[in-house]
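The lines below spell out each chain.
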Amino acid sequence: MSKKVLIADDEPNIVISLEFLLRREGFEVLVAVDGEEALAKARAERPDLVLLDVMMPKMNGLMSVRPCAPIPELASMRVLMLTAKGRETEVSKGLGLGADGYMTKPFSTKDLVAQVRVLLGG
Amino acid sequence: MLNGPVIVTASFFYLALLFAVAWWGDKRADQGRSIISSPTIYALSMAVYTTTWTFYGSVGRAAVSGIGFLPIYLGPTLVMALSGFLLLKMIRIAKSNRITSIADFISSRYGKSHLLGGLVTVIAVVGIVPYIALQLKAVSGSVNLLLEYPDIVMPSRSTTLPVLSDMSFYIALILAAFTIVFGTRHLDATERHEGMVAAIALESVVKLVAFLAVGLFVTYGLYDSFADIFEHVADDEKLRRLTTAIPSGQDFTGWFSLTVLAGLAILFLPRQFQVAVVENVNESHLKRATWLFPLYMLLINLFVLPIAFGGLLHFNGQGIDADTFVLTLPMAERQEGLALLVFIGGLSAATGMVIVETIALSTMVCNDLIMPILLRLRGLALAEAKDLTRLLLGIRRGAIVAILLLGYLYFRLAGNAYALVSIGLISFSAVAQFAPAMIGGMYWRGGTRGGALAGLSAGFLVWGYTLLLPSFAKSGWLVADFLTQGPFGFSLLRPQQLLGLTGLDEISHCLFWEFFVNIGAYVAVSMVRPPTAAEASQATLFVDALKHTRPVGAAMWRGRAKISDLQALVGRFLGPQRAESAFAYAQNLGGVAADELEADAELVHFAESLLAGAIGSASARVLVASVAKEEPLSLSEVMDILDESSQLRSYSQELERKSRELEDATRDLKAANVRLQELDRVKDDIMSSVTHELRTPLTSIRAFSEILRDDPKMHLADRERFLGLVVSETERLTRLINQTLDLAKIESGKADWHATEVDLKDLIEQSLAATSQLFRERGARIALDLPDGLPFILSDRDRLIQVMLNLLSNAVKFLPAGSGLVRVSLRAGANGLEVSVADNGPGIRAQDQQIIFEKFRQVGDSMTDKPTGTGLGLPISRRIIEHFVGACGSIALREKAPPFIFTCLTCRPLY
Amino acid sequence: MHRRILAGERLVAAFLCGCLLFNYPLLSLFDSGGTLFGIPLLYAYVFVAWAGLIAMMAWIIEGQSE
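Protein chains in written order, with our numbering: chain A, 210 to 331; chain B, 103 to 1013; chain C, 267 to 332.
No lab work stands behind these hints, which were simulated from the structure alone. Among the hints, a few may not be true.
Okay, derived cross-link-like pairs now, BS3-like style, lysine-lysine, Cα gap no bigger than 27 Å in a straight line [claimed, not checked]: (1) B:Lys649 <-> B:Lys664; (2) A:Lys212 <-> B:Lys815; (3) A:Lys319 <-> B:Lys815; (4) B:Lys785 <-> A:Lys302; (5) B:Lys197 <-> B:Lys649; (6) A:Lys213 <-> B:Lys815; (7) A:Lys319 <-> A:Lys302; (8) A:Lys319 <-> A:Lys212; (9) A:Lys213 <-> A:Lys302; (10) A:Lys213 <-> A:Lys250; (11) A:Lys250 <-> A:Lys302; (12) B:Lys760 <-> B:Lys649.
Looking from chain C toward chain B, a few residues come up when the C-beta cut is under 8 Å (computed) [said to hold, decoys possible]: (13) Leu277; (14) Leu286; (15) Ile305; (16) Ala317; (17) Gly318; (18) Ile320; (19) Ala324.
This structure is a prediction, so every number in the text was calculated from the model and none was measured. Yeah, the Cβ is synthetic: ideal placement off N, Cα and C, and Gly gets one too.
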């Protein structure tokens, strides 16, 4: 059974590209355009992985990571952070809040796919 | 209603009120909440200058000489312009040396000389006594006049009442008692008299109000206006000559002499020295007094001429003395209340002068005349007494009574011969003697005790001979031949044509001779020998008083003294308790241990200046010398100390300046650092915003490019869609870079501006045409309100279009789909043309209204959609509008219900 | 500091100006016997000049404290 990946980003073009990319790699893809929607979809659909943009309208991306951890059914969900700021503080904040990895925009599609596979355990 | 009991009751009520004010002022001073700490009160207290001489006498003089009374006030006005130099320096010197009288000032300057202090005291007392007589004369005259009401009876000049039935005698006694209560109530004789100053300031207000009331009554009650009075005057040949009677040519010397005399009097009259220098609580008060006191004099003289002419016209040929017009005019018109007010005003003028003058004189008599004699006569006996404060107060009280009785005596002897103004001028001429020694002492190091003694005594003798003796002769006390033939027939010695000098009025004559001998002797004798050590050290203290770092007296003392001896000495004159607390304070301040036995120079100097405040600097010097083993300094040693200290002073000035500069530099550096950090933070924020805005489109571009590269077999439709997206993201990047550069250009002031005449209506229509596609896509309507015929403005057309496009596309972005409405209107507002762009979108919250003008700040949180755009549109618009501020006003944003973005840009029309 | 020195110089100038205004020969220009609003010219001149001088002093001093 294919793994479920949730793409949470507010930039429509980035969503389009990621969606196409991951579909081509054989994942089932869900999309959310803001923090609230991301959290709601995560609870409803229980994706295996979230590609999370750090800066999103309504509930910051970082904030939507935090509630994931304490929710038992989401405990196994992996979080890959996407950040356009690339600042050390942002990254460590995100990792501290429970993200499993991060990628700085713009990223290489190959690296992204590789990271996703690693996080999903091959 | 105007009878004896009423007058007496009114007088006593008024005096009681004054006393209450003084009591309250003293009480507040004791509590440390001074009521006289105000520049206005200081200026009003200086108005003690205007006595009955002004109140009654100005009118008298005006009735004879037109504006001839004015130099008495013009001179002080001119001198007040220099008060920032002269008076300020006197205040500084008096404060740092604890000087309490003009005699002490001169004595202290010339080496703390008893002889000099005594001479100044004698001159002051002899000179001022006629002036005090003048006040007695005025008050008793006004009482006598009022008692005869409703008749107006001039006091007869021939009959002389026995002393015990002469009212003036009792007035003198009452004034003496009043002064004692005012000035020497406290046992400590050193402090200032805050309550008295408060009462004097009140008196100044009362006399001004009273005089203005009479002036208004005469000018607008008896007559219709100033012009009306002078119309009447013009009909009378004799009076008309007064309106052009001004000093010119030969007469000018009289006018000039009066100006000079009055200018010196404002500095050197004992009462002026008392209020302006001794009672000064804060030297910055001098500033307001510089113009407020002259203004007071202007006001109190405003109605002198109308009253004088009114009186002359009214009492034409009735033999009414012009000195009494202020009182007799209201009396003749049956204005009882006004007459009583005038009487109280005159009483104010008299009591104010008498109180301050006798307090000042009694301080001099006590400290510079009697104490030195007592110390010399039975020095040992006096030194053994435990507490001398009562003795000091007793001497002062006795002096007050004696001075007033002397005034009464002069009044009996010579008072009737002279009009008020002439008596006052005798006193002015006497105190003018102090000018060479005082001014010379403050600015010339070379003046010596011998010079000051010679100048003062020579000037005093000339004054007595040319002015005082003639005043006696004119009153019949001396044979009249003395004036006309000269003593023993020596015509060259005629007092008012000395050495045959004719053509001058008596005042100018006296002024010339007394200054001639005074200045001549002062300068000549001073130059005979160099200053002694004591003179040189005091000269430095006085001449350098305004220098940045003042010289200190302590440097000039060398010797040994026991603290206990000094404290006991001070205690005898100030009371043991005050001495104890003062010494504890000083030792604390100087870091001297309380159990130390030997006093250092600082403490000795401190003790001496404490004593100087109580008994004068010369006596203080003698007494301190009596308890200390002193090593006298030679002149060369003093000179060395002075050189050394002036060198030290210049070093320390240099040091102070350097450290001040350093402090300034440090402060500047700190501020610059804070600014830099702030800039750094802002730059950081902007950099991070820019990178974020750059990374986002780059991410899409890279992702699509790699997808296209890795998958050559992609469907054509996908391929075209992705390529289209890459192109639009590239366009977005370009736009971002352009706008960033644009903003940077505008902010750094390097942008090009092309100001042309712009028709705003046309400009708005063009902008709307350019964005019409956007509106159509959103299904939005546009409502226009663009009136014709509005003026053109001067602005940069392309930039304004940029602003309009920004505002319009911004409005479109937030419109509700399908029902959007954008209202664009143009109107002439208060400051120019206003353009408003309003939409029925969600609006902007109050707290966000400033934020949206900041770079890269999009208030996305409240939006349902991620805002599109670079976040630079509004900031650029604002910069553009700001560039035209002045030419174009401001950009403002308001929220309205229903929520509209309401943008308004105001442009001043070109024509 | 410079302000204060300047104010001092201005006051000296006001003093000198006053010395000229209130003395012969300037005064003698106004004893023509004419009137200004019904007031003898000489009186009007002296009081106006006096008030002007006081206003000037006030302006110099109060302006300094700003």
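A quick look at each hint next to the structure:
For the hint pairing B:Lys649 with B:Lys664, the CA-to-CA distance comes to about 33 Å; that exceeds 27 Å, so the pair is violated. Between the alpha carbons of A:Lys212 and B:Lys815 the distance comes to roughly 25 Å, so the proposed pair stays at or under 27 Å and holds. A threshold of 27 Å between alpha carbons decides the hint, and for A:Lys319 with B:Lys815 the separation of about 18 Å falls inside it, so the pair holds. Using a Cα cut-off of 27 Å, the hinted pair B:Lys785 and A:Lys302 holds, with the two alpha carbons roughly 22 Å apart.
At roughly 15 Å between alpha-carbon atoms, B:Lys197 and B:Lys649 fall within 27 Å of each other, so this suggested pair holds. At roughly 26 Å between alpha-carbon atoms, A:Lys213 and B:Lys815 fall within 27 Å of each other, so this suggested pair holds. With a C-alpha separation of about 25 Å, the suggested pair A:Lys319 and A:Lys302 falls inside the 27 Å cut-off, and the hint holds. For the hint linking A:Lys319 to A:Lys212, the alpha-carbon distance of about 18 Å falls within 27 Å, and the restraint holds.
For the hint linking A:Lys213 to A:Lys302, the alpha-carbon distance of about 26 Å falls within 27 Å, and the restraint holds. Taking the CA atoms of A:Lys213 and A:Lys250, the gap is near 11 Å; set against the 27 Å cutoff, the hint holds. With a C-alpha separation of about 23 Å, the suggested pair A:Lys250 and A:Lys302 falls inside the 27 Å cut-off, and the hint holds. This hinted pair checks out: B:Lys760 and B:Lys649 have alpha carbons roughly 18 Å apart, not beyond 27 Å.
Proximity of C:Leu277 to chain B holds as hinted, the smallest CB-CB distance being about 5 Å (cut-off 8 Å). With its C-beta approaching chain B no nearer than about 11 Å, C:Leu286 sits outside the 8 Å limit, and its interface hint is violated. With its C-beta approaching chain B no nearer than about 5 Å, C:Ile305 sits inside the 8 Å limit, and its interface hint holds. For C:Ala317, the interface hint holds, the least distance from its beta-carbon to any beta-carbon of chain B being 6 Å, beneath 8 Å.
Among the interface hints, the one on C:Gly318 is violated; its C-beta lies about 11 Å from the nearest C-beta in chain B, farther than the 8 Å criterion. This hint holds: C:Ile320 has a C-beta 5 Å from the nearest C-beta of chain B, less than the 8 Å allowed. Residue-level restraint check for C:Ala324 holds (minimum Cβ-Cβ distance to chain B is 4 Å; threshold 8 Å).
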